[in-house]
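Engineer: Whenever a hint applies, use it, and build me the whole structure from the sequences.
Number of protein chains: 2
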Amino acid sequence: MEYPSKLIEEAVNEVSKLPGIGKKTALRLVLHLIKENEVSTFALTAALNKLRANIVFCKYCHNISDEEECSICRSHRRDRSILCVVEETVDVLAIENTSQYSGLYHVLGGVISPMNGIGPSELKIETLLQRVSHRESEIKEVILALSPTMEGDTTAFYVSKRLKDFPLKLSSIARGIPIGGDLEYADEITLGRSILGRTLFN
Amino acid sequence: MEYPSKLIEEAVNEVSKLPGIGKKTALRLVLHLIKENEVSTFALTAALNKLRANIVFCKYCHNISDEEECSICRSHRRDRSILCVVEETVDVLAIENTSQYSGLYHVLGGVISPMNGIGPSELKIETLLQRVSHRESEIKEVILALSPTMEGDTTAFYVSKRLKDFPLKLSSIARGIPIGGDLEYADEITLGRSILGRTLFN
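Chain order of the listed sequences is A and B. Using this note's numbering, the final residue of the first sequence is 203, and nothing's skipped along the way. Using this note's numbering, the final residue of the second sequence is 203, and nothing's skipped along the way.
Note that the list lumps identical chains together, so a pair holds whenever it fits in one copy or between two copies.
With a straight-line cut-off of 27 Å between C-alpha atoms, the simulated DSS-like cross-links for lysine-lysine are: (1) LYS36 x LYS60; (2) LYS162 x LYS141; (3) LYS125 x LYS141; (4) LYS25 x LYS125; (5) LYS18 x LYS36; (6) LYS60 x LYS165; (7) LYS125 x LYS36; (8) LYS7 x LYS18; (9) LYS165 x LYS141; (10) LYS51 x LYS18; (11) LYS7 x LYS125; (12) LYS60 x LYS141; (13) LYS60 x LYS125; (14) LYS7 x LYS60; (15) LYS36 x LYS24; (16) LYS7 x LYS24; (17) LYS24 x LYS51; (18) LYS51 x LYS125; (19) LYS25 x LYS7; (20) LYS170 x LYS125; (21) LYS60 x LYS162; (22) LYS170 x LYS141; (23) LYS60 x LYS170.
In short, the hints are calculated from the structure, not lab data.
Structural biologist: Right, here's the structure in full:
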């Protein structure tokens, strides 16, 4: 596509680098910004610049934070005996939204993926070991909440091997039929695992 | 949703003001920027700031431009006897992409929409009249290429009334069954207009 202006072309190229945004959507967004008052563009770019320049990661759990220690790690209301290992910050947000978990987190920053050149050393696994082995650690259980993909399973296997010598309960989130899901339409692997992992009425 | 950081919250709020981007997509985009090298964020915001600060509209056709006169109005290869009236810059891009039109454009900047407080005076209609009435004007035909909506039709009606005293051919783009479209699935109004507006073999 030919753009009416070099400025538009540059902006479209930058915006379309964002995930899930193609050239057409980028053009629509850019033209929207031009139509709006320029204050709205400057507010957007200032917020993004400020975010990128000042973002801090919690030195304990590696979650995104405003300070050196995130609000979850700092909180006195969280259960310090339980630690949930996740891939990314989004996963922390998703679990927090359920209101079913009150323990701490550990954000690995990804999963082991040799295809993308990500080995265990690229992830925050050493700091996880330091956390559980720290003499003041109160952690008694580690929950692995990783994606049910090949990479996620590999990472879970690796982490569980590294943790097996510590006196810890190790668990994984339940896999099964989603709430509201229909047995008829579930794939065989999920249905099979939901049978193997059946829970007892009590 | 509770965000792990005020910076994230501000950025998500700004990004979700863009059309078609909700809070969840905004969060995904913002987290993507955090994961990437900070250079990519700064390149994005710099391109948007530069665009918004320096964008110029052609003083003749009001299309987005790098200079006072856009590349189409400046071009010696365009047919100056024909003028296509459109709503927005995207429409110019869409028509240019067809390679079927070599005339000039006039971008109204919207359509008459009393519901949104947009009357004829908010649109670039006066400059359109000036263009066709200019003593050096070569314009012989005006094509109205507006959306087939209530507002588009109202605008087309208003513009055609304002232009009726000039010695001009006035036309509208054809409405009908899209190429590759199936008669069976066309709505009645489109199909009806395609019959009324039938073209003769010759």
